[in-house]
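Peer 1: Below are the chains, spelled out letter by letter.
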Amino acid sequence: MQTKDFNLMKYFIGALSLILFIALTIVGYVEVKASKDEIRPYISANNKKCIDCHVKKGIGEGQVNDWKHSRHAEKGIGCIECHKAEEKDIDAYKHEGFLIATIVSPKDCSKCHEDASKEFQESHHAQAAKFIGSMDNVLGSIVEGPAAATSGCRQCHGSEVKVLANGKLDPDTWPNTGMGRINPDGSKGSCSACHARHSFSIACLPCKAQFFYSSGTTA
Amino acid sequence: METTIERIKEKSLKDRAIDFIQKEVPDHMYSFSYCMGATPLILFLVAAATGILMTFYYIPFSERAYESVRAITSEVYLGWFIRGLHKISINLMIFTLFLHLVRVFVTRAYKTQGELKWLIGTMLFFTILAMGFTGYSLVYDQVSYWGMTVVMNMAEEMPLFGPPLAYLLRGGAEVSELTLLRLYDLHTKLLPLLLILLIGSHIIAITVLGFEKVEGSEGKHLFYPEHAMKVGLIAVGLLILIVNLVMIFPPTIGQMANPLEVASNVAPPWYFSAVYKWITIAPRQPALFGILLFCVVFVSYPYIDRFLTERGFDMGRVNIVIGSAAVLIFAILTLWNVVI
Amino acid sequence: MGVINDNISRRKFLSSAFMAVGLGFGLGTLGLRFLQFLSPTVKAKRFEEILVGTVNELSKSDAMPMEIAGSKILFLKTDAGLVAFSRKCTDLGCLVGWDKAKQQFICPCHQGVYDRNGKNIAGPPPRPLDRFPVITKGENIYVKIKA
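Protein chains in written order, with the numbering used here: chain S, 1 to 219; chain V, 1 to 340; chain P, 1 to 147.
If you are wondering where the hints come from, they were derived from the structure by calculation, not from laboratory data.
Predicted model only: the values in this text are computed from it and were never measured.
Each hint should be verified, as a subset may be incorrect.
Straight-line distance between alpha carbons at most 30 Å, and here's what the computed DSS-like set of lysine-lysine pairs gives [claimed, not checked]:
| no. | chain 1 | residue 1 | chain 2 | residue 2 |
| --- | --- | --- | --- | --- |
| 1 | P | K77 | P | K45 |
| 2 | P | K12 | S | K84 |
| 3 | S | K75 | P | K146 |
| 4 | P | K144 | P | K12 |
| 5 | P | K144 | V | K11 |
| 6 | P | K12 | S | K68 |
| 7 | V | K14 | P | K12 |
Using the sequences and the hints, build the whole thing.
Peer 2: So this is what it looks like as structure tokens:
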């Protein structure tokens, strides 16, 4: 029986083990990179009802997902906090046991964001829809016609949202996120014209720039 | 009585242990093709370790099962890594197991005195395939659910012991949450226990019965440190391989099981593809009968070999032919299933 | 047979040492990864003001229990205004209930008793009930919680 020297073998095993160590370190690095920043939404019992049903039915999943990544979500400000309505609101309706309104106007936002909302109401931005019925909009409403005004001018400037007899919103006037939108509750404007819903944090491009980028009409 | 005790006392436990690991191993074991028994074992240990780790997160109950697997894959820290290791080590293990089987078959290592090794080996083979099936079903995605259903129905069709077996496995007349629980128990408790016993017996059988003589190999070398070092080298090499494979092919998860709708892409894992294809192309009863027949021939092959050798057949040649044919058919059926 | 051999040469020692160190790193890291899998790093908790409701909603009844971000709280109208008490008993952590008739907090586990200001008046609790800061912004009431 020769006494073999296993030195080479041992060096091999040692070297391979070190390569294994490097591979595992890379694994750890990959993992850490993946689990960096995360928002922790707080979902109250009522909001959970909204979210579960909407996600299950596949309606508004994008909105829910946007919200989950928002600052509102971390503070527990969810669906019902903004969308809840009172009996006296003309656009209020019953939905799965809650009394809600689709439109969240600057008046609703002002419940928490009083200062910003007040400043906005007093600004010229909130008057954006005013000119539409006036002579300034001859080219739009009269020359090109109401359809052009609805799908073009009003999309940025804002429409006057009408509530039909059956409680639903007039499809000629909604959806609309125009900056000067005249809401059913009387307040002017739409905060989400710049603070895109439902994450709200970042103010998006000013309307005029959007006008150029979008495939809107060239009035 | 006295003499036995004296004989036991003759050598200390330490010396006995040293004697055991310093047993001799024939020189043909230098070749890797003869070391493919150790490879599945190493991979099994990795699979067992990662499997045990996952039991700390897995929930064996219908939708929660799918949720927990999804959580392991995308939320739990290093979950993808552990699950990926588990999947890849299992797939690699079954692959090298097939290689080992082919090698043993072609070299006729079951020849007289070695039948026990073969018998235990076949039991191991079936148990490992069962582990593969039960493990796959635990994910509770579409493939799991419909795979479960199909296999249960197949089991039910078996003659005699079929229906009661299917009933036991399913926990009733239909696939339900009890089924998942039973498969979970099988996969994590009963079958691993059986596997450990079988692996132990397989190794002991080899130690006691020795290796089949291979032509051209004359010398012997020590199990420890020589062979052991080699196995150690292979083990570390395998680990590097699978860790890298996990990073290249991280684990995924399919759609959640929907008892009301069969997805179009339901297909068993590759190691069952051949059998699956077979029962697809052949009419029902003959197909199942064929599988049973194959199993019987497979298990009792050493005796068939002995029988035919006595009748003058050159089993060395025969085995090479049968082995090659089997591999070819397996490959064709598997690829056919994958391509179409 | 030479397994236990005291006469080990420098060469053998070096190779064995290298193998041992390598294996230590390699298998050690693998074991570490396994351990990390079982015990994920606890996400650092930070304070967050969470909206609970409006002043009107919380004035509906004297005591309103609720669960916010994992903490169980009881809102109580005390002499000093609206207070958010933690329902975790300061004895050993059982859930404390509010007894309206007696105007006391009672812990069922070891019969700890707190008065309506959260002060521990009987039983094993060593200190008064913990409170969460309540922040009022206009109509809205927020609770500052570690989440």
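Peer 1: Next, verify each hint and record whether it holds.
Peer 2: Hint check results:
1. P/K77 <-> P/K45: The hint holds at about 28 Å.
2. P/K12 <-> S/K84: violated, 79 Å
3. S/K75 <-> P/K146: holds, 11 Å
4. P/K144 <-> P/K12: Status violated; Cα separation ~64 Å.
5. P/K144 <-> V/K11: At roughly 72 Å apart (the allowed maximum being 30 Å), V/K11 and P/K144 break the hint.
6. P/K12 <-> S/K68: Answer violated: P/K12 to S/K68 is near 61 Å, above 30 Å.
7. V/K14 <-> P/K12: holds, 23 Å
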